[in-house]
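Produce the entire structure from the sequences given, and follow the hints as far as they go.
So the chains spell out like this:
Number of protein chains: 2
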Amino acid sequence: MESLKYFFTPKSVAIIGASHTPAKIGYTIFENFVKGEFPGKFYPVNPDTTPILDQRVYPSITAIPGKVDLAIIAVPAPTVPKVLEECGERGVKAVIIISGGFAEIGEVEREEEIKRIGKKYGMRIIGPNCMGVFDPYNKIDTLFMPGYRLRRPKKGAISFVSQSGAFGIAAMDWAAQRNIGINKFISFGNKADVDEVDCLEFLEGDEKTKCISMYVENIKRGKEFIKVAKRVSKKKPIVCLKGGVTESGAKAVSSHTGSLAGSAKVYSAAFRQAGVLETKSIGEMFDVARVLAYQPKPNGNKIAIVTDGGAFGVMAADAAEEYGLKIADLSEELKNRLRKFVPPHALIKNPIDLTGDASTDMYYDVLHTIASDPSVDGIIAICLLQIPTISSKIVGVLTDVSRTYKKPLIVCMMGGEFTDLHMRMLEDENIPSYSTPHQAVRAMAALVEYYSIR
Amino acid sequence: MESLKYFFTPKSVAIIGASHTPAKIGYTIFENFVKGEFPGKFYPVNPDTTPILDQRVYPSITAIPGKVDLAIIAVPAPTVPKVLEECGERGVKAVIIISGGFAEIGEVEREEEIKRIGKKYGMRIIGPNCMGVFDPYNKIDTLFMPGYRLRRPKKGAISFVSQSGAFGIAAMDWAAQRNIGINKFISFGNKADVDEVDCLEFLEGDEKTKCISMYVENIKRGKEFIKVAKRVSKKKPIVCLKGGVTESGAKAVSSHTGSLAGSAKVYSAAFRQAGVLETKSIGEMFDVARVLAYQPKPNGNKIAIVTDGGAFGVMAADAAEEYGLKIADLSEELKNRLRKFVPPHALIKNPIDLTGDASTDMYYDVLHTIASDPSVDGIIAICLLQIPTISSKIVGVLTDVSRTYKKPLIVCMMGGEFTDLHMRMLEDENIPSYSTPHQAVRAMAALVEYYSIR
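Chains A and B supply the protein sequences, listed in that same order. Heads up: the first sequence begins at 1 in the working numbering, then just goes up one per residue. Heads up: the second sequence begins at 1001 in the working numbering, then just goes up one per residue.
Just so you know, the hints here were simulated from the structure itself, not pulled from any lab data. Heads up, some of the hints might be wrong.
What the hints assert, rightly or not - Taking lysine-lysine pairs in the DSS-like style, the calculated list, with each CA pair at most 27 Å apart, reads: (1) B/K1280 <-> A/K326; (2) A/K251 <-> B/K1302; (3) B/K1265 <-> A/K280; (4) A/K326 <-> B/K1265; (5) A/K220 <-> B/K1335; (6) A/K302 <-> B/K1280; (7) B/K1265 <-> A/K302; (8) A/K223 <-> A/K210; (9) B/K1115 <-> B/K1082; (10) B/K1251 <-> A/K340; (11) A/K302 <-> B/K1251; (12) A/K349 <-> B/K1265; (13) A/K349 <-> B/K1302; (14) B/K1251 <-> A/K335; (15) A/K393 <-> B/K1024; (16) A/K265 <-> B/K1082; (17) B/K1280 <-> A/K349; (18) A/K24 <-> B/K1393; (19) A/K251 <-> B/K1340; (20) B/K1349 <-> A/K265; (21) A/K251 <-> B/K1335; (22) B/K1082 <-> A/K251; (23) B/K1302 <-> A/K265; (24) B/K1349 <-> A/K280; (25) B/K1251 <-> A/K326; (26) B/K1302 <-> A/K280; (27) B/K1280 <-> A/K265.
Here it is in structure tokens:
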């Protein structure tokens, strides 16, 4: 999938349909380049050559001097074939067609035409009817929503491939707010050319992508998908959310993309066969992807739970059993070592309840002690920061434990502003944190599952 | 449960163990009163009568002039019986014992002693080993965490009763951040006297409480609980999260509170019998409580889904089927009316997909039209605010629809800062909003379930 590299590392980009009107799609995309840090050349194209944002405008792609690797097309659908033909003649390698008005509204022949043009010139096409791509490393951003509406996430290790553009941008905005990093986001819309199989193959070789998450409604090339996913999932985890898993949902898919959703059971079986982790909701997909992208392989399914709130320990234990994890048996020798660090009323069992008298130092000692013990494969650290004896240094403590031992560490903290701030700080250290014990344990279970099926 | 009123509307309060040392429990509780708006009298009590926060300190409760309705005790456990005896002699009606060091650490006799003293004087006791109460209406706040760590939620219609103090305060802080209102929070700790049954009976008659949510690990008075909950749940919804529903969780409960968790099946059966809605996680409990507190009775289980992102419609449809809701059949006549408001490529089925070209006006027309149609019992409005054609006026539109028709309206919006802001605005209008279609649909299903079992 070498050919997909031009979508992310083009030396030069043409924005065809760059608009003079602020807030229009073709304006915002061009503005992303003007205000952004894209290191290559970029050219706005519009028959009206009045400058846009003080930049020289080209009447057509043929008027641009030098090579163009990537063209981003945001012109009305009927004009797209003509423009695409010009791109082909101009030697463009990759095209993102943002414009809608193709198969999704029944204009099947128009979509076939762009497929033919793409093939004729050997151009790869993302779209039509899509949001395109976002890549904070390579500074490519075709999302046509203003920054105040749609914050862009920081650099990270999760790549997200979405059949739905709306879901994709909502997810980017959501991730940005939570300081969750993204490597590549690809919205492929009608997938006239580039589809989920191509994306998988491309991301397989993309070193910075540590976890691939996908939202799909239908997969046309089923056999290829299974074959490729099987290979890729041995190298890096693939997390998938399938829309249209019920009769009602499948009907909605048929309206939404004009495609058949297919039987949920068939998809689930295919995912299992291909080593793809299937999740059931948006929240679950990101919860799972975050831990898979950043946390190491657990040696087994025996977890230790450390908490400063007994009830959160109880709920984590409930969730552990629900998700097939084992509560590690702590040896008497280990318990005796732990008892030295805590007040007499702390509960040295598993979950380990430091109680409301927990301190940052106690977490330091207890976490280091249990993380170094071979009976524990992974740790859920629950830190309710409402307790004033826990200082902001807890972030450093958790980071230290996470780096010292090659064991998964997942954090749970629930609260408001102060807590959210610390969750964002943890995200910078690649330690995923969750508001509820259920989410934290679900994520740990996914980590165990991935490495056991791989 | 008239006797519990003194916990919330005392005319005078003694804070026994008010401390001179900032950040100490007895300091923070007293500070809450000094900085707060409690309309009655309050007296700090400490043998060291050096003023605290410029207020006169009383050496003992007997030294306080005039009546004392409520005493808040935060002194070391061994001193509690003596202090409690003085409260009894002084005619105190209600006592909150914050101090730990009783049954939870094996000091069963000490706990029995305070029970005896309470009974002897007819005093009601919350605690020991608890966070006490928080009531933004009556300005009572015994939470001993500073405001920057633990934001206090605004006034609202949800009351939350928690066996776990840590969970309680994490939940208050979480709710505050999301602008979710609370009526009364009660952390009853070891429940030497006041327990979940008493709380239910008290909240039954509390007009401002529209939904009761509970976290319990064990219920000692099982029969009374079922009897009372059965009666209360006919008047207002009760949402319950039970900690220790698995073997691992039950073991953790036994460590945490020294009590037996009991069989999950027995509890589930009891909850069903009592009309209590059982939820499986923290997130789910609040998702459900919010809609039950504020949204009206649905006439049935037929919902309409309106979205500006097709995939979110698909996922909502999937969730609807999963949770037993029906996707309403829209009549041709209704569809024809709807078509007038939307562009030709919008999908007028159910889910209704306004597409990325959705506007605030479109939502206004479409929502009013479907809300007024008898074929629709409830509406899930998905508004992805990344789309710039949707203005902040969407909050007014949703509020207008919610107030005009007596039908449940639940909102789904996923995103970052801009989206979160609008979610908080909706909360002020008593319209619950959720990040994911699954959560929104789960909440709607709970509403349908509550009114069908009632």
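Hint by hint, here is what the structure shows:
1. B/K1280 <-> A/K326: 19 Å, holds
2. A/K251 <-> B/K1302: 16 Å, holds
3. B/K1265 <-> A/K280: Answer holds: B/K1265 to A/K280 is near 25 Å, not above 27 Å.
4. A/K326 <-> B/K1265: Holds: A/K326 and B/K1265 sit about 21 Å apart, inside 27 Å.
5. A/K220 <-> B/K1335: Judged against 27 Å, a Cα distance of about 31 Å means the pair is violated.
6. A/K302 <-> B/K1280: 23 Å, holds
7. B/K1265 <-> A/K302: 26 Å, holds
8. A/K223 <-> A/K210: 24 Å, holds
9. B/K1115 <-> B/K1082: 13 Å, holds
10. B/K1251 <-> A/K340: Measuring from Cα to Cα gives roughly 23 Å; hence the hint holds.
11. A/K302 <-> B/K1251: 16 Å, holds
12. A/K349 <-> B/K1265: The hint holds at about 25 Å.
13. A/K349 <-> B/K1302: Violated, because 48 Å separates the two Cα atoms, which is more than 27 Å.
14. B/K1251 <-> A/K335: At roughly 17 Å apart (the allowed maximum being 27 Å), A/K335 and B/K1251 satisfy the hint.
15. A/K393 <-> B/K1024: This hinted pair holds, its Cα atoms lying about 20 Å apart.
16. A/K265 <-> B/K1082: At roughly 67 Å apart (the allowed maximum being 27 Å), B/K1082 and A/K265 break the hint.
17. B/K1280 <-> A/K349: Roughly 24 Å separates the two Cα atoms, so the pair holds.
18. A/K24 <-> B/K1393: 20 Å, holds
19. A/K251 <-> B/K1340: 23 Å, holds
20. B/K1349 <-> A/K265: Within the cut-off at roughly 25 Å; holds.
21. A/K251 <-> B/K1335: Holds. A/K251 to B/K1335 sits at ~17 Å (cutoff 27 Å).
22. B/K1082 <-> A/K251: Roughly 70 Å separates the two Cα atoms, so the pair is violated.
23. B/K1302 <-> A/K265: 26 Å, holds
24. B/K1349 <-> A/K280: The hint holds at about 24 Å.
25. B/K1251 <-> A/K326: Holds - the C-alpha atoms of A/K326 and B/K1251 are around 13 Å apart, at most 27 Å.
26. B/K1302 <-> A/K280: 23 Å, holds
27. B/K1280 <-> A/K265: It holds: about 25 Å lies between the C-alpha atoms, which stays within 27 Å.
The earlier numbered hints that this structure contradicts are 5, 13, 16 and 22.
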